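Protein chains in written order, with our numbering: chain A, 103 to 403; chain B, 491 to 1042; chain C, 27 to 299.
Some hints here could point you the wrong way.
What the hints assert, rightly or not - Label pairs and their in silico Cβ distance ranges:
id : chain 1 : residue 1 : chain 2 : residue 2 : range
1  : B       : 779       : C       : 60        : 42 to 48 Å
2  : B       : 533       : A       : 188       : 44 to 50 Å
3  : B       : 708       : A       : 212       : 44 to 50 Å
4  : C       : 60        : A       : 221       : 46 to 52 Å
5  : A       : 212       : B       : 671       : 58 to 64 Å
6  : C       : 34        : A       : 272       : 37 to 43 Å
7  : B       : 850       : C       : 273       : 46 to 52 Å
8  : C       : 131       : A       : 179       : 52 to 58 Å
9  : C       : 273       : A       : 205       : 48 to 54 Å
Source of the hints: derived by calculation from the structure; they are not laboratory data.
The structure displayed is predicted, hence computed values, not measured ones.
Glycine included, each C-beta is placed from N, C-alpha and C at the ideal position.
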Amino acid sequence: MALPKMLRKPLSWKIALLLARKLGAIAALVLLGGLLSATLVRLAPGFDADERELDPGLNAESVRALRQSRAGEHNILSFYAGYLRGAIHGDLGTSHALGQPVQTLLRERWPVTMRVVGVGLLLAWMLASILAFTACLWRRPAYEILGTTVSGAFLCIPAAVLALLSVILNAPGYLAIALIVFPKIYRYSRNLLAKAYTLPHITAARARGLGEVRILAWHVLPVAGPQMIALAGITVSIALGASIPVEALCGLPGIGQLAWQAALSRDLPLLVNLTALVTLVTLLANSGADVMIYMLRPREA
Amino acid sequence: MSTNMIGRRAFLRFLFCFALVSLTLTSGSAFSQSGGELRFCLRSEPKTFDPLLVDDDSSLSIRYLTGGVLVRANRKTQDLEPELAESWRVSKDGKQITFKLRRGITFSDGSPFSSEDVAFTMQRLMDPALHSSTGDAFRSGSGAVSTKIIAADQIAIIFPAPLAGLERLFDQVAIMSGRSPKKEAAVLGPFRVAEYKAGSSVLLRRNPNYWKKDSQGHRLPYLDSIRLDIQSNRDVEMLRFKRGELDLINVLDSDYFDRLAASSPGLAHDAGASLDSDFMWFNQVASAPIPEYKRAWFRSANFRRAISQAINREDLSRVVFNGHAQPAVGPVSPANKFWFNSKLKAEPYRPDAALKRLQADGFYVQNGALFDKGGNAVEFSIVTNAGNKPRERMAVMVQEDLGKLGIKVNVVTLDFPSLIERISQKFNYEAAMLGFRNVDLDPNGQMNIWLSSAENHAWNPQQKSPETTWEAEVDRLMRAQASTADPKKRKESFDRVQEIAAEEAPFIYLVNQNALSAVSSAVEGANPGILSPQTFWNAERLTLNASTRASR
Amino acid sequence: MQHERMNAARKLACVAVVAVCAVSLGANWLAPAGYSKQFREAPSAPPSHQHLLGTDEVGRDRFARVLYGTRISLLLAPAAALVSTVLAALVGGLAGYLGGIWLRLARGFTDLFLSLPWLFLLITVRALLPLNVSPLVSVLITFLILGLLGWAASARVLSTSADAMRNSDFVLQARASGLHGPRLFLVHVLPNLKPVLYAQFWISIPVFILSEANLGILGLGVAEPLPSWGSLLRELEGLISFREEPWRLVPLLLLIVVMTSFQMLLSNEEVTA
C-alpha cells in the first residue's frame, strides 16, 4: 500500500535533514571541545603563573595585581558561559599574551596557516603517491625497500631539523609539513593498495592481459578508495598538528605559532578559541570524507 | 674657437671635478655612507609598545631605539650622559631632582617637547594602577610623587622618600607626549615604529625630528630604518646571519660563537664577562611540602657551602661555554666595576673539603652513597626551565659532580609556568637552577631579592620577620644602602651583603657568562659591550657599508 | 624470482634487528665507559679509539649512549605502539563493525580526541608524579601515555574499513553460517583490518621515540643522565654542523635501518602479489 502523500518525504528534504543533523552534531562537538580544552588548561599546574613574577623589578602590589588578572578564569563554567555569550555577539575574547582581540589574531593568521598546510598537504600526497604507485606498478622488492627507507628516514628526523631544512631550501613551512606528513600517507596507502591487490579479481584481470596501469586505476583504487578518502580526512588533522612546531620554528605568523605561544603562557581565551577552530576543521574534513565515501559507494540494485 | 673659451670650459670642468672630489673627501665617511636598513632579530613577540609598561626583552629593545630619555647611561663607560636634559641636580636629602631640559626639540610628529611632557610621563608612571618594573623602581616609600614645572625647560620631581641612585633610574623612562594625538606613537628617540606585523616583524624608520646631531652637524641617525624580525629559533637566526640576511646577533650562544669565529673571525665578538649569572638554590621555606630531614639539610649553611665546594665551576665554564664564561663569585659580576666586592673570590673546587664539612654535620658515606645522621640517603631534585641548553648541561654536570660525593641528584626540566608555580606559589620543589639577567648596575635593583619580606627572596620569600640572624643583618644592610646617597657608604653596606652571601650561600652562584655577539662586516661603528643592548646601544651612529652589503 | 629476493631481504632484516638487540644488550661489555661518565677534557670530540662515535657536549661517550638508549627505546616504543594499535582496533574497528549509533558516537569521540590539547594533560601528569621519581618509572609512564593518546588518527580510518566490511559478502556469509558477535569480529573482520593496523604500528614507533624526547620539555620522558634514542636524535637539531660532524648522524641511520627492517618483517606475501 502506498504511503499517503504527506508522509512521503521528498529527496531534498532528506538531504536537508541529513545536513542539519550533521551540522548540529558538529556544532555540539565544537562547543564540547572548547569546554574540555578550557578544563584541561585550568587543571594543569601553572595556570596562574606569569613569568613576570620572577622579575625583581616588580614590587609586591604589582605581583599581586598580576595574579589577580587571571582571577576571572578560575571558575571554568562561568568563564565558558561568559565566553559563549560574547561569541554570539562576535567577541571572541582578548589574548593575555598578545593583548589583542582573538578575532583579529585569528583572522590575520588563518590565511597563513591555510596556505602552509594546504600546499604542504598537496605536496605530501604527491610525494606519497609517486612512491606508492611506483612500488605498485613496478613490482620489484627494490622499489618497496626504497619507499620504506625514504619514508622511514623522514619519519625519524625531528621536526626541528625538517623545519631548519625547509628554511635552508627557501621553502619555509610547507616543505617541512610535507616531509612530516608524507611518510604516514605513504605507509597507509601502500598497505591499503597492497591489500587490494590480493583480491581474486586482480589475478583474473592480469590473466586477461590488462596493463598494470589499468589494473591500478580501475580495479585497485576503487577498492582501496573509501579508506584512502578517510585517510585524506585525517591527514588534514595531522598536518594541522604538524603546523604547530613547524610554524614556531620557521617563524611563520600562523595559527600554529599562535597555538604554541598560547600553550606556553596558558592563555585561556586563545586556547579555547584555537581548540574550537581545530575541532571544527577536523570535523569538517572527516565528515566531508564520510559524505564523499557515502556518495561514492556502489549503488546496490 | 678662441683659446679663451676653451680655457673657460676646461676651467669649469676642473672646478666641477674639484668640487666633487672635495665633497667626497671632506664630508665624514659616515655621511657618504648614510642610509640603509639594519636588520636583526627579536627573540619573542614584543608585548607592548607603551614605553611605561615595558618589561620583556623585545619591548625593551624597541623602547631603547624609539624612546627619548632625560639621561642616558653609556653602555660602554657606565657613565651618565645628558640626553634630553642638559643638566640635573639632586637635592641634598635625595628626595628631589631638578632637570634643565634642552629647548627647541619636537616629537616625531612635530608636537613640541617641554617640561609638561616630562610631568605627564611621571604622573602616568606613578599611577598606582600602572604596574611595571620601571614605575616600581621609583616607588621607594608610601606617598605620592609630585612634579613642579618651574619653567618650560625646567622641572623638579619630588619623591616622598630618598631614592639612592635616583638619576640612573631615568635611563629607563622614555618621555611621552602629553599633547600629541598620536600618544605613544609620538617619540623622541632616533627611530619610530613605522610598521608592526604581528608574529612577523617590526619596522622602525628614522625619526625626522630627532634632535641629536653629530660633531659635524649632520642629523642623526645615519640609518634609514631598522627591521626587526621576530625569530625565536636560534639555528634559523644563525643561518640567516651567515647568509647575509641579518646584520647583528645581539646575544650569541657560545656554540655558535666558536663556529663563527672559526669561519669568519672578525664577525664574532666576546666583550668579556657580562652582568648575567647562573645559580642554584635550595628550598628553605618552613611550610614547604618536603620531608623534614631534607628541610634540615637545606637550612644548614654548612650543607650549602659543602655543595658549593663540590661543584667544579672551572669545568662548567670550560665545557658548557667553551671558556666564554667565568666562575661566579656572588650576586654582582666582576664586570660591575664599582659595586663588585673585589676581596671575594669564586668558591674553589674542593670535594675533599666538602666531604669534611658534611661529615662534621653527621653525614657519612656507605657503599658509595652519602647518608645523613638519621640514615636517610642524600637524594634531591633540581628543577630548571626547559629550552635553555647551557643550563640543562650545567645541571647534568652538577649532577655528576655531586654524584662523586655520593649524592643522587635528579634533574627535572619543566615548562616555565609549572616551574614558577613550584618555586613561587606552591614551594613543592627541593632545589632550583635559574639565571639572572642583570640589567641594573645598582644594587637597588636587587632589593626584592635580598629583603627577607620580599617576593623574590627565592629560597624563602615573604617572611613576616627574618627567620635567621644573617637574613636580619642583610635586611638592615640593604635598607641602609638604599637610604643614603653617599656612594662610599652604600658600597660598604653592599660589600658586607656580598660577604654574607658568600658565607651563608643561600644562592650557589655558578658562572658569569661572557657577552657574546655577532656583527656583520657591513656594519660600521659597532662597539659591542656587555650592557644591554650589547650591539646596538649606539644605533643612532651605526652606518652600513653599501658596497659590502651589495656584494652579498 | 621476486619472491626469493623478497625473502632474502626479509632474512637480512631479521639479522639486522637481532644484531641491534644483541649489541644493545651487550652494552656493558662493548662500552664499559658507561653512558653517564663525563670525559670533561674532550667534550664534543670526534671519533677515536676510546670513543667510537665521539663524545657529546658534556663529554659522554656517544657509542655507549647509543647502545644503552637502544635498550630503552627499542623495547618501550614498540610496546607503546602496540597499545595504541590495540586501542585503535577496539574503538575504530568495533564501532565500524557495530555500525549505526555506535559508529556515529565513536567517530565524534575520535574527532574530538584528535583536536584537544593533550599537552596540558601531560603537564598535569608530571605535576602528579613526585619530583624524585625513578627514571624507569618516568619513562614507562611516558610511553604508556603516548600509547593511550596515539590511537585516534588510525581509528578513524579503521572505522571506515570496518564499516565497509559490515555489509560485505563474506561477512554476510559468515553470519549466515552461524558466526556471531566477538568471534565474527575477531576471525573475519579484524584480519582484514591488518593493513591499517600494521601501518599504524610501524608509524607509531619513530613518532613515539621522537615524542618522548619532546616531552622532556615538560619533565616527562627519560631523565638525565639516561640516554634514549629521542634525546640522541635531538642532537641533530644544530643541523648546520652535520657536514663537519657526520658521526652525529649514526643514531639516525641506525634507527632508519631498524625501521626498514621492521617493515620488511611486518610485510607479507601481499606486497609483491
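Status of the hints after comparison with the structure:
Taking the beta carbon of each, residue 779(B) and residue 60(C) are about 35 Å apart, not inside 42 to 48 Å as hinted. Between residue 533(B) and residue 188(A) the beta carbons are some 33 Å apart, a value that contradicts the proposed interval 44 to 50 Å. Evaluation of the 44 to 50 Å hint for residue 708(B) and residue 212(A) yields a pass: the beta carbon distance comes to about 46 Å. At about 47 Å, the beta-carbon gap between residue 60(C) and residue 221(A) stays in the expected band of 46 to 52 Å.
Distance hint for residue 212(A) and residue 671(B): a CB-CB separation of about 33 Å, inconsistent with the stated range 58 to 64 Å. The hinted range of 37 to 43 Å is satisfied by residue 34(C) and residue 272(A), whose Cβ atoms lie roughly 42 Å apart. With their beta carbons about 47 Å apart, residue 850(B) and residue 273(C) fall inside the hinted range of 46 to 52 Å. Hint check: residue 131(C) to residue 179(A), Cβ distance near 24 Å, so the stated range 52 to 58 Å is violated.
Between residue 273(C) and residue 205(A) the beta carbon distance is about 51 Å. The supplied range of 48 to 54 Å therefore holds.
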